[in-house]
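A.B. asks: Protein chains in written order, with the numbering used here: chain B, 743 to 1204; chain R, 743 to 1204.
Honestly, I wouldn't trust all of these hints.
Unchecked claim - Label pairs and their computed distance ranges (CB to CB): (1) G1105(R) with N747(B): 52 to 62 Å; (2) R962(R) with G1069(B): 30 to 40 Å; (3) G1069(B) with T1009(R): 49 to 59 Å; (4) N805(R) with S1191(B): 20 to 30 Å; (5) G1201(R) with D754(B): 57 to 67 Å; (6) G764(B) with E1183(R): 33 to 43 Å; (7) E844(R) with K1059(B): 28 to 38 Å; (8) E1183(R) with E804(B): 14 to 24 Å.
Claimed, not checked - Keeping only pairs whose Cα atoms sit at most 20 Å apart, straight-line, the calculated EDC-like set for lysine to aspartate or glutamate is: (9) K898(R) with E844(B); (10) K800(R) with E1179(B); (11) K800(B) with E1111(R); (12) K1175(R) with E1106(R); (13) K1154(R) with E841(B); (14) K898(B) with D984(R); (15) K898(R) with D868(B); (16) K867(B) with D984(R); (17) K1170(R) with D868(B); (18) K800(R) with D1180(B); (19) K867(R) with D977(B); (20) K1195(R) with D933(R); (21) K1020(R) with D1054(R); (22) K1175(B) with D1054(R).
What the hints assert, rightly or not - Short derived list, chain B residues pointing at chain R, Cβ under 7 Å: (23) S880; (24) S930; (25) Y932; (26) Q936; (27) S941; (28) P959; (29) L976; (30) D977; (31) I981; (32) G1125; (33) H1128; (34) S1160; (35) D1180; (36) E1181.
Just so you know, these hints were derived from the structure itself, not from any lab. Note that the coordinates shown come from a computational prediction; the quantities given were computed from them, not determined experimentally. From the three backbone atoms N, C-alpha and C, an ideal C-beta is built for every residue, glycine too.
2 protein chains.
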Amino acid sequence: MPKINIISLFKDILDDSSILLGEDLKSRFYHIWKTDMPLESLCLLLPRSTQEVSSILKICNENNQEIIIHGGLTNLVGSTISNKTQVVVSLEKMNKIIEIDEKSKTITCESGAIIEDIIDSVKDKDFLLPLNFGARGSAQIGGAVSTNAGGLRVFKYGMTRNLVMGIEVVLPDGTIISSLKKLMKDNSGYDLKQLFIGSEGTLGIVTKVVLRLYRLPKTRYTSLAVTNNYQNVLDLLKIMEDKLSSSLTGFELLWNDTYKQMVGDKTLYNKYLPDNFKYYVFIEYMGGDFENDYNLFEAVILDCVDKGVVEDAVIGKDDKEQVNIWGIREDVAVLAEEREFDQHFDISIPVGLIGEVIDKISGELKNCEGVKTVFPFGHVADGNIHFIIGKDSDDDELKFKINDIVYNNTQKVAGSISAEHGIGLDKKKYLIKSRSEDEIELMRLIKKSIDPKNILNPGRVI
Amino acid sequence: MPKINIISLFKDILDDSSILLGEDLKSRFYHIWKTDMPLESLCLLLPRSTQEVSSILKICNENNQEIIIHGGLTNLVGSTISNKTQVVVSLEKMNKIIEIDEKSKTITCESGAIIEDIIDSVKDKDFLLPLNFGARGSAQIGGAVSTNAGGLRVFKYGMTRNLVMGIEVVLPDGTIISSLKKLMKDNSGYDLKQLFIGSEGTLGIVTKVVLRLYRLPKTRYTSLAVTNNYQNVLDLLKIMEDKLSSSLTGFELLWNDTYKQMVGDKTLYNKYLPDNFKYYVFIEYMGGDFENDYNLFEAVILDCVDKGVVEDAVIGKDDKEQVNIWGIREDVAVLAEEREFDQHFDISIPVGLIGEVIDKISGELKNCEGVKTVFPFGHVADGNIHFIIGKDSDDDELKFKINDIVYNNTQKVAGSISAEHGIGLDKKKYLIKSRSEDEIELMRLIKKSIDPKNILNPGRVI
Chain B
743 MPKINIISLF KDILDDSSIL LGEDLKSRFY HIWKTDMPLE SLCLLLPRST
793 QEVSSILKIC NENNQEIIIH GGLTNLVGST ISNKTQVVVS LEKMNKIIEI
843 DEKSKTITCE SGAIIEDIID SVKDKDFLLP LNFGARGSAQ IGGAVSTNAG
893 GLRVFKYGMT RNLVMGIEVV LPDGTIISSL KKLMKDNSGY DLKQLFIGSE
943 GTLGIVTKVV LRLYRLPKTR YTSLAVTNNY QNVLDLLKIM EDKLSSSLTG
993 FELLWNDTYK QMVGDKTLYN KYLPDNFKYY VFIEYMGGDF ENDYNLFEAV
1043 ILDCVDKGVV EDAVIGKDDK EQVNIWGIRE DVAVLAEERE FDQHFDISIP
1093 VGLIGEVIDK ISGELKNCEG VKTVFPFGHV ADGNIHFIIG KDSDDDELKF
1143 KINDIVYNNT QKVAGSISAE HGIGLDKKKY LIKSRSEDEI ELMRLIKKSI
1193 DPKNILNPGR VI
Chain R
743 MPKINIISLF KDILDDSSIL LGEDLKSRFY HIWKTDMPLE SLCLLLPRST
793 QEVSSILKIC NENNQEIIIH GGLTNLVGST ISNKTQVVVS LEKMNKIIEI
843 DEKSKTITCE SGAIIEDIID SVKDKDFLLP LNFGARGSAQ IGGAVSTNAG
893 GLRVFKYGMT RNLVMGIEVV LPDGTIISSL KKLMKDNSGY DLKQLFIGSE
943 GTLGIVTKVV LRLYRLPKTR YTSLAVTNNY QNVLDLLKIM EDKLSSSLTG
993 FELLWNDTYK QMVGDKTLYN KYLPDNFKYY VFIEYMGGDF ENDYNLFEAV
1043 ILDCVDKGVV EDAVIGKDDK EQVNIWGIRE DVAVLAEERE FDQHFDISIP
1093 VGLIGEVIDK ISGELKNCEG VKTVFPFGHV ADGNIHFIIG KDSDDDELKF
1143 KINDIVYNNT QKVAGSISAE HGIGLDKKKY LIKSRSEDEI ELMRLIKKSI
1193 DPKNILNPGR VI
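Excised from the complex, chain B in its bound form (with noise of 0.2 Å):
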C-alpha cells in the first residue's frame, strides 16, 4: 500500500497542525543533544487527546505502519531515532496538569507534561515529587514511566514505577486502557500498569498518569565525607540508616579520580577536602525540625569522624555550601567535556560488591590500550553506579572491549546492564548479559501478544 494513503487517513482524523511533513521535518529532530540532524520520518503526528492517539494506532495497526513514540527526547539509548518509512508520534501537545488533589496526596497529568513543571506545580502547595535527575527540564512525563525512570532519590523514594498510582495507556490496536486511579494499594486483578512501565513504549502508548505526592521535607542537610576503604562506605551508611532512619535521603559515592576531575580547575566547585581519598560520600539528611535536625546529623556525622569511620567530614552550612556540595556530585558534565569519544554506563551491581567490582572494571579499563580516563561515580546506596570513560579514538575494537569489561564483570556479580536509562536501541546487544534466553523469550511473547504487528517501537528492547 502506498503511503500516502495512510498519511490522507491521518488527515481525516487530525487538523493540518498536528500533521508535520516534508520539509517541516527539517525543523524537528530526535534528541536534544542532535538537534542538527533533521528528523528522519515518513510524517510526525501532533495528538492532542487520548481519543486521537487512540485513531492513530487504529489507522497504524490495520496498516502495519510502524511508530516511533517521542517524548522530551533525552533518551539515552537510542529509542528515539526513526527512519524515513516510521511515522513519529510526539506526546508534546498533551502536556497539561490535570489535577492536583491535595487531600489524597496525588497529581495526574498528560503525559507530555514536562516533569519540572509537575514538580514545580506541587511545590508551593507544599508537595514534593520526589522524581529528579538532570534531564528533567526537558523530559517528559510519559518517558520517564515508560522508562521507569531514576535519580537521586530512589533510595528513599523508589524509581518512578513506585509513584505511579494510575494511568491511561493505549494499545497497539487502539484500545485505550483507563485506569487513573487515586490509589496506594490495589490487588482487584493483574495489575496492569506494570506492564507499561518500564517497557520502553513497546506495549502501548501512555497517555495519562496519576502520581504519588509526598510531603515537601522542610529541612535539608548535607555531608561529604571521606574514606579509603569501601567497607567503611557500607558501614557509614549502615550507621546513617540506624541514626537518620528514614530521613536519610541522599547516599551517593564518587572515587577519586571522579572527585580530581570535579574539583580541577575545569569547574568552579571550592575543595573541601583533599583530593588524595580513595572514596567521597555524599550524604543528604530531609527532615521536619530545623534545630533538632542539625543538632542530631552534626553528631552523627562527628561520630563517625572520632570513631574513624570516616577520615574526615564537612557539613553545609548554608545553601550555599550544600549547593557546591552537591554540585560536585551532580554536575558530571565536566567529566565527558574533555574528549570527545566517551562511553557512558549505568549498571547495577549488589551494594556489598561495589567497591571490589568497581576496582576490577578501572583496573581493567585503565589498562586498556586507548582508554584515556575512567570515571566511576553514583548512586551508592541504589547499587546503581555510571561510569564515564575518556578515549581519543571511535575505534569499533576499542568500543566493544570496554563493553566486554564493563559487562562482563557486571553480568558475573548477577548485576545488571542497565540499573535506569533501559535498553534501547544501543544495549539490546548485551541484554544477553542481564537477562537469560527464558526471560527475553517470555519478554517477546508478552510483546506479540499485545502487539502482534510489532508496530509500536519496534526493535527497541528486545
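Given the coordinates of chain B, work out where chain R should sit on it, guided by the hints.
C.D. replies: Positioned in the frame of chain B, the structure of chain R alone reads:
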C-alpha cells in the same frame, strides 16, 4: 485419559512421601480455618525443589491437568479450594532460608518459608522485613508475593511488591524463569517479576524470592488521638508527615462503633480515651534516637491538642502501653466473634474521600434490615478501609445487598473492591466494579498467552 496415568507420571519424578493420595488426603485441608474439612483433590504433591515443580508442571501441561497451588492457606478470597479432579501442589517443603546478605541487605528464600520465620531470622542482625499482617505466623512468602500482600507497614514501606528484588518462578509449561538478583534498580528489559507478583498464582508458581531488608528502627512510640471531624484526621496526617517526616510509620483509624467494641466488655484493653468520639487515630513513630525522638513526638502531639487539631490524645509511655494501644487497633477478631455470618470487606478509596464514603456506606448498611453490626477500621493513610459486618442470618439476598452497598459506593469514587486480599474466586463477580471490560480483556490475553491450557489456579481472578 484415565487419571491414574498422571499419578504414575508423578511417581516417576517424586518419591512416595511427596505424593499424598486417597486416605492420606483426609488429614489435609484447604484453609487454616477449615481444619475439619478434608481436602478434595486428585492428589497432593509436595515438591522439594524448583526442578520438581518444573517436572510437575510439564506433566500437567502435557495432560491438561488443572493445578491448585497451596501456600500457608491463609487466603481470604477462596483461592485455595480444590475439587477431586484437581492436583494440589503445596510448597511447604520448600521452606529454606537460603541466604541473608547483610551487606546488600537482602534475604533469599524458598517460597514455602513462613513469613514470621523470615522476620525472626533477620531481627537479631538488626534488620527488618517490613511485612506485617495478622496471618504472618502461617502465611508463606510465596503466597504473600503471589497475592502482593499488604498489612500494617504499607504507608512507609509499600506492599510486598516493593520488597521483592528477585524472583524465581515456574511457568505452566515447566520453564524456569530465574532472576534471583539483589538489585534495587534494574531496567534491563521488561520487569517480568511484576507479572507474577499479585497475579494470584494464575501465571506461574513462585519458587524462590529475594527480598529487600531495612535496618531495624531503634525506637517506637505510639499515640492514640481523637476527633469528630474527618478533615481533622487529614490535617493531623499532614502535620505528622511534616514534623515527623518519614519516621511516621503508622497512621490507622477506628470509627466510633469499632472502638467501642474493641474496648468493651469482650476485651481486656484499657480504654485510654472516652468512647464518644467519632474517629480514633493510631499513630506510630519509629526512629533512631530514644530521647530526641520521644521529645519530638510528644511536642508534636501536644501541639495538635493545643491547636484543636485533635480533641485529645495519649502517648504510650512504655512497651506495655504501646501493646495495649495497638491491640485496640489490631486484635480485630473480637469484631467478628459475636455473630456467625459476618461479611468482611477490604476496599481502597482515595484518602481525601474516606470520611464521606464510609459515612455513606455505614449509613446505608445500618438501614439494611438484617445487619446487626457495622465495624469499619483500617489503614487510612493508605486509603485502605476494612469492614466487618455482622448479621444473624446467611440469607443470600441480604449478602448480595450488602455487597452492592459496599462495592457500588466504592465504584462511584474510582476505588478498589480489593486493596489487599485479592480477587480469588469470591470476588470475581465484582471485579467489573474495579476494572473496565478492556482491562479484564487484557488480563485474559496475558493469562492465555502464558497459560494457554488454563491449568494454573483455573477460575481464579478472571
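A.B. asks: Please flag the earlier hints that this structure goes against, numbers listed from lowest up.
C.D. replies: 5, 11, 17, 20, 22, 23, 30, 31, 33
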